Amino acid sequence: MKAAICTRYGPPEVLQVRDIAKPSPKKNDMLIKIYATAITASDCIIRSFNVSPKLKLPMAIAIGFRRPRQPILGMVMAGEIEAVGTDVSTFQPGDRVFGCDFDRLKFGMYAEYVTFPESGMIAPMPANMSFEEAAAVSYGSLLALHFLRKGGIEQAKKVLIYGASGAIGTSAVQLARHYGADVTGVCSTSNLDMVRSLGAGTVIDYTREDITQRPERYDLVLNAVGKKKVQLQAESILTSNGKHVTVDDSKPKPKLADLLYLKNLAEIGALKAVIDRCYPLEQIVEAHRYVDKGHKKGNVVITVTNDERI
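In terms of numbering that gives the first Met the number 0, the sequence shown opens at residue 0 and continues consecutively.
Certain hints may be false.
[Claimed, not checked] Below are the DSBU-like pairs computed for lysine-lysine, each with C-alpha atoms no more than 30 Å apart in a straight line:
no. : residue 1 : residue 2
1   : 53        : 21
2   : 271       : 252
3   : 105       : 271
4   : 149       : 271
5   : 32        : 21
6   : 295       : 271
7   : 271       : 53
8   : 149       : 21
9   : 32        : 271
10  : 149       : 296
11  : 156       : 21
12  : 252       : 105
13  : 1         : 53
14  : 55        : 271
15  : 26        : 53
16  : 1         : 149
It is worth saying that the hints were derived from the structure and are not from the lab.
Values in this document were obtained by computation on a predicted structure and should not be read as measured data.
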């Protein structure tokens, strides 16, 4: 099978597409034919090893010193089950599924096939989505859901999403709107219409306007980009009981129930995948170069296998 191998830590060019052996599922695993994956911020951090000095040793111990111990990166996938282990009962060959790897540190989604445990973060694909859309919707939406809930989205009436045009931000705008909040999205000029189309009642161009100079106050400010500048600004635009949550605050531990919740939202049209660009697996280097620029709209998707049934 074809897979993108991370040969060492470094720039996008360290990724090489090679032919390697196809994996076999163990008794509790499923063999999944991957049709699409997406490039997450975590993928780029792992590939580049671009972390603060205090995190370098713990990260090296966790995933490898000179190169990732698991050389095939990729945390999300959408595909079709080709075979199942003897003890698998929930899924069967032919099922279309989507999912991601948050805690296992196994990665492996930049490949034509992956083995995935039945107990993992995996669910039937939204019936109304393509493989590319399903791959795009899981990671950012799970993170957005985690941080919105941490900020008390159930009670928040006015919510501001800073970084509303990225993978987390585009999902956060839609989810906050679904919860009934009055949503303000902050993004750059070129993304204003897109963020508004996702449900933001107000959009602010951070290149032209200082959010601290506006009279509005918010029950929840979600900093979806992790910039310290935003943390300082948030303190002055919160209500007296308002909360500021940043994506740097904690390590999310989503549950399967969260993925199923997102699946249901997608099927009723409350959550849409935002895809900036799609690349074939053979152009994984170019895709990483684009993501490294830091200006993607929503998600960048890798088509691993073309769905010939469409």
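Hint-by-hint comparison with the structure:
{"no.": "1", "hint": "53 - 21", "verdict": "violated (37 Å)"}
{"no.": "2", "hint": "271 - 252", "verdict": "holds (22 Å)"}
{"no.": "3", "hint": "105 - 271", "verdict": "holds (27 Å)"}
{"no.": "4", "hint": "149 - 271", "verdict": "holds (22 Å)"}
{"no.": "5", "hint": "32 - 21", "verdict": "holds (10 Å)"}
{"no.": "6", "hint": "295 - 271", "verdict": "holds (16 Å)"}
{"no.": "7", "hint": "271 - 53", "verdict": "violated (37 Å)"}
{"no.": "8", "hint": "149 - 21", "verdict": "violated (40 Å)"}
{"no.": "9", "hint": "32 - 271", "verdict": "holds (24 Å)"}
{"no.": "10", "hint": "149 - 296", "verdict": "holds (24 Å)"}
{"no.": "11", "hint": "156 - 21", "verdict": "violated (50 Å)"}
{"no.": "12", "hint": "252 - 105", "verdict": "holds (16 Å)"}
{"no.": "13", "hint": "1 - 53", "verdict": "violated (35 Å)"}
{"no.": "14", "hint": "55 - 271", "verdict": "violated (36 Å)"}
{"no.": "15", "hint": "26 - 53", "verdict": "violated (39 Å)"}
{"no.": "16", "hint": "1 - 149", "verdict": "violated (39 Å)"}
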